[in-house]
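There are 2 protein chains.
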Amino acid sequence: MQTVTLTSPPSVLSCAAIGGKQEGQGPLGGYFDKIGEDSFFGEKTWEKAESAMQKTALHTALHKAGLKPKDIGFIFGGDLLNQCIGSAFALREFGIPYYGLYGACSTMGEGLALAALMVNAGYAKKAAAITSSHFCTAERQYRMPVPYGSQRPPTAQWTATAAGCTLLGDEGEGPYITHVCCGKVVDLGITDANNMGAAMAPAACDTLTALFRDTGTKPEDYDGIFTGDLGALGHRIVVEQMAKRGYDMGQRYQDCGMMLYDRDRQDMHMGASGCGCSAGVLNAFLLPQLREGKWKKIIFAPTGALLSPTSSFQGESIPGICHAAVIAAERG
Amino acid sequence: MQTVTLTSPPSVLSCAAIGGKQEGQGPLGGYFDKIGEDSFFGEKTWEKAESAMQKTALHTALHKAGLKPKDIGFIFGGDLLNQCIGSAFALREFGIPYYGLYGACSTMGEGLALAALMVNAGYAKKAAAITSSHFCTAERQYRMPVPYGSQRPPTAQWTATAAGCTLLGDEGEGPYITHVCCGKVVDLGITDANNMGAAMAPAACDTLTALFRDTGTKPEDYDGIFTGDLGALGHRIVVEQMAKRGYDMGQRYQDCGMMLYDRDRQDMHMGASGCGCSAGVLNAFLLPQLREGKWKKIIFAPTGALLSPTSSFQGESIPGICHAAVIAAERG
Numbered sequence: 506m507q508t509v510t511l512t513s514p515p516s517v518l519s520c521a522a523i524g525g526k527q528e529g530q531g532p533l534g535g536y537f538d539k540i541g542e543d544s545f546f547g548e549k550t551w552e553k554a555e556s557a558m559q560k561t562a563l564h565t566a567l568h569k570a571g572l573k574p575k576d577i578g579f580i581f582g583g584d585l586l587n588q589c590i591g592s593a594f595a596l597r598e599f600g601i602p603y604y605g606l607y608g609a610c611s612t613m614g615e616g617l618a619l620a621a622l623m624v625n626a627g628y629a630k631k632a633a634a635i636t637s638s639h640f641c642t643a644e645r646q647y648r649m650p651v652p653y654g655s656q657r658p659p660t661a662q663w664t665a666t667a668a669g670c671t672l673l674g675d676e677g678e679g680p681y682i683t684h685v686c687c688g689k690v691v692d693l694g695i696t697d698a699n700n701m702g703a704a705m706a707p708a709a710c711d712t713l714t715a716l717f718r719d720t721g722t723k724p725e726d727y728d729g730i731f732t733g734d735l736g737a738l739g740h741r742i743v744v745e746q747m748a749k750r751g752y753d754m755g756q757r758y759q760d761c762g763m764m765l766y767d768r769d770r771q772d773m774h775m776g777a778s779g780c781g782c783s784a785g786v787l788n789a790f791l792l793p794q795l796r797e798g799k800w801k802k803i804i805f806a807p808t809g810a811l812l813s814p815t816s817s818f819q820g821e822s823i824p825g826i827c828h829a830a831v832i833a834a835e836r837g
Numbered sequence: 506m507q508t509v510t511l512t513s514p515p516s517v518l519s520c521a522a523i524g525g526k527q528e529g530q531g532p533l534g535g536y537f538d539k540i541g542e543d544s545f546f547g548e549k550t551w552e553k554a555e556s557a558m559q560k561t562a563l564h565t566a567l568h569k570a571g572l573k574p575k576d577i578g579f580i581f582g583g584d585l586l587n588q589c590i591g592s593a594f595a596l597r598e599f600g601i602p603y604y605g606l607y608g609a610c611s612t613m614g615e616g617l618a619l620a621a622l623m624v625n626a627g628y629a630k631k632a633a634a635i636t637s638s639h640f641c642t643a644e645r646q647y648r649m650p651v652p653y654g655s656q657r658p659p660t661a662q663w664t665a666t667a668a669g670c671t672l673l674g675d676e677g678e679g680p681y682i683t684h685v686c687c688g689k690v691v692d693l694g695i696t697d698a699n700n701m702g703a704a705m706a707p708a709a710c711d712t713l714t715a716l717f718r719d720t721g722t723k724p725e726d727y728d729g730i731f732t733g734d735l736g737a738l739g740h741r742i743v744v745e746q747m748a749k750r751g752y753d754m755g756q757r758y759q760d761c762g763m764m765l766y767d768r769d770r771q772d773m774h775m776g777a778s779g780c781g782c783s784a785g786v787l788n789a790f791l792l793p794q795l796r797e798g799k800w801k802k803i804i805f806a807p808t809g810a811l812l813s814p815t816s817s818f819q820g821e822s823i824p825g826i827c828h829a830a831v832i833a834a835e836r837g
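Respectively, the protein sequence lines represent chains A and W.
Going by our numbering, the first residue of the first sequence is number 506, and it counts up by one from there.
Going by our numbering, the first residue of the second sequence is number 506, and it counts up by one from there.
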């Protein structure tokens, strides 16, 4: 079964979100733990800045939970940078056993799932998930160097400059991870690397359908359903495709990519993307809202596009993936 | 504790190794399931060739075990290519729930560990681990395009063109994964990207020391200890450093990077490297030898260098990691 029911649902011990200037000016800006003054976070390169955001996210989450690095059994992390250097260089000073991930923009969901599975199985009392993205590192790696000033098509999204970290434990006051659903690679043949939403939406539909099927639930059973970074176009595709499968996603369904920026005020085209988008929204907003009792049960389902510039140059289409977790205010 | 003792040790159901021409001409050539005629494996680009190797490895492993893709609960995979396209494009046709990894050349150990943890916890009856590397994709991504013909320093290693896949199950005739030890990021400041062995050796020492400590064992308790792709120089450093810590590694200690090629006959400098090196040696040679009763218990401890060309250009040193598994012919 694609979905695992966690029989001893791990609790969120703490979470932290770090954002850039644009993220600070968006509607969720006030919820971030820290907003950077500029895009460098005190470093000399953007790649080092991205690592610095992850370091700050982990330090902040540890501090909020009153924990030290040695208290964490395993950390699952990854990012969009080639060879995931954002995470590797961030984590080297902590000495926490590290499983490196590559899930593109689904990484927060993948890491959260694996950390929850480890704690639920008793392999560790505490585990962590971490990820990040940075507009300037992503632009120059995937598209054009930022100083180039190239124009972006209307279907394009804006890679979030943000990092998020969640600490889980076998004891705690919640919210709790009750189910995780591992995604499959889904590729319906979209080849436009400036239209990630359309490329990733089928993967979101695939994983959400599996989750509903495996748990015998439907959208109405959740107070909120949050996909990763599909943006406005991908969100619309998910609503349409899920309706065809008999699921009415309704108003409860939102996309993290549409929540991070004010689309009227901030010119981000279809919305936010990047590992930091869903990680920022989860750790700045969703988890605290659950803890404060705003919602009882949500689905967090970030999506990733598993392409590279090389695969696009070679004419390949864009495979997508979506990893989902059910997060509930109460354990049972 | 860094090491998890698997209370219901998962069994290897089958394994498969695919190699390139050079690997076929090496001392383990006869043990591979399939050797490619050229570097393209029927594809038009080297990146697609690397995916083709992974596909063939998974198909072969499934066939040997008499299984279909739907029988596999989860697959853990990754590779060295930017955004791990080797794995994503290989796996999209199988429809197996996929957790993408980035562990550089330690990926076979990381995937084997996570697949074993999932099966041991009962999250799936069967799980798989897969990885690959390709000399030509790695050279042009990390160093120079192959047709350039640039000279390689004597400390350099040769990225293996190979893929390996292991299928694990909750029942089976062994060999069995009895312990897994998750590595930490270790960085002692080596900055020479042509001397990976020296950069990764400290991580191997760190993980092996943790494994011996956590399990109360010593090198003499194992019939073989196989690090990933440290090559001749890294192997020597591990022997020296472990001796300082009171562990006599002895003749039982070998490095996969020194086993894949004939260093006298094939001019590979310090030996093999790449995810496919340890994956090839494990799945072509180590697991079958265990099944045939040659050894009772071994440690498989592949190492990874978590650098990227960008991190090196920015003057960063090379963080290393090592993920280890104890593999035994008998369950108890």
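These are calculated hints, taken from the structure and not from any lab test.
Check each hint, because a few of them may be wrong.
[Stated by the list, open to error] Not the full set, but computed from the structure, chain A residues with beta-carbon under 7 Å of chain W:
id : residue
1  : I540
2  : T815
3  : F818
[As the list claims (entries may be wrong)] The calculated BS3-like cross-link candidates involving lysine-lysine, where the alpha carbons are at most 30 Å apart (straight line), are:
id : chain 1 : residue 1 : chain 2 : residue 2
4  : W       : K573      : W       : K539
5  : W       : K801      : W       : K569
6  : W       : K802      : A       : K802
7  : A       : K575      : A       : K539
8  : A       : K569      : A       : K801
9  : W       : K549      : W       : K526
10 : W       : K539      : W       : K802
11 : A       : K723      : W       : K526
12 : A       : K630      : A       : K749
13 : W       : K569      : W       : K799
14 : W       : K802      : W       : K569
15 : W       : K749      : A       : K575
16 : A       : K569      : A       : K630
17 : W       : K526      : W       : K573
18 : W       : K526      : W       : K749
19 : A       : K749      : A       : K526
20 : W       : K539      : W       : K569
21 : A       : K630      : W       : K723
22 : A       : K539      : A       : K573
23 : W       : K802      : A       : K630
24 : A       : K526      : A       : K569
25 : A       : K573      : A       : K526
26 : W       : K723      : A       : K575
27 : A       : K723      : W       : K569
28 : A       : K539      : A       : K630
29 : W       : K630      : A       : K630
30 : W       : K575      : A       : K749
Glycine included, every Cβ here is placed at the ideal spot set by N, Cα and C.
Right, here's what the structure says about each hint:
1. I540: 25 Å, violated
2. T815: Hint holds; T815 of chain A Cβ to chain W Cβ min 6 Å, cut 7 Å.
3. F818: 9 Å, violated
4. W:K573 / W:K539: 20 Å, holds
5. W:K801 / W:K569: This hinted pair holds, its Cα atoms lying about 23 Å apart.
6. W:K802 / A:K802: 46 Å, violated
7. A:K575 / A:K539: 24 Å, holds
8. A:K569 / A:K801: 23 Å, holds
9. W:K549 / W:K526: Holds, at roughly 17 Å.
10. W:K539 / W:K802: 27 Å, holds
11. A:K723 / W:K526: Violated, at roughly 53 Å.
12. A:K630 / A:K749: 42 Å, violated
13. W:K569 / W:K799: Status holds; Cα separation ~21 Å.
14. W:K802 / W:K569: The given pair, whose Cα atoms are some 23 Å apart, holds under the 30 Å limit.
15. W:K749 / A:K575: 25 Å, holds
16. A:K569 / A:K630: The hint holds at about 17 Å.
17. W:K526 / W:K573: 29 Å, holds
18. W:K526 / W:K749: Status violated; Cα separation ~40 Å.
19. A:K749 / A:K526: It is violated: about 40 Å lies between the C-alpha atoms, which goes past 30 Å.
20. W:K539 / W:K569: Holds, because 13 Å separates the two Cα atoms, which is no more than 30 Å.
21. A:K630 / W:K723: 27 Å, holds
22. A:K539 / A:K573: 20 Å, holds
23. W:K802 / A:K630: Distance of about 29 Å is within 30 Å: holds.
24. A:K526 / A:K569: 23 Å, holds
25. A:K573 / A:K526: Holds - the C-alpha atoms of K526 of chain A and K573 of chain A are around 29 Å apart, at most 30 Å.
26. W:K723 / A:K575: With a Cα-Cα distance of about 24 Å, the restraint between K723 of chain W and K575 of chain A holds, given a limit of 30 Å.
27. A:K723 / W:K569: Outside the cut-off at roughly 39 Å; violated.
28. A:K539 / A:K630: 28 Å, holds
29. W:K630 / A:K630: At roughly 24 Å apart (the allowed maximum being 30 Å), K630 of chain A and K630 of chain W satisfy the hint.
30. W:K575 / A:K749: Given that 30 Å is the threshold and the Cα spacing comes to 25 Å, the pair holds.
The structure is inconsistent with the numbered hints 1, 3, 6, 11, 12, 18, 19, 27, although it conforms to all the rest.
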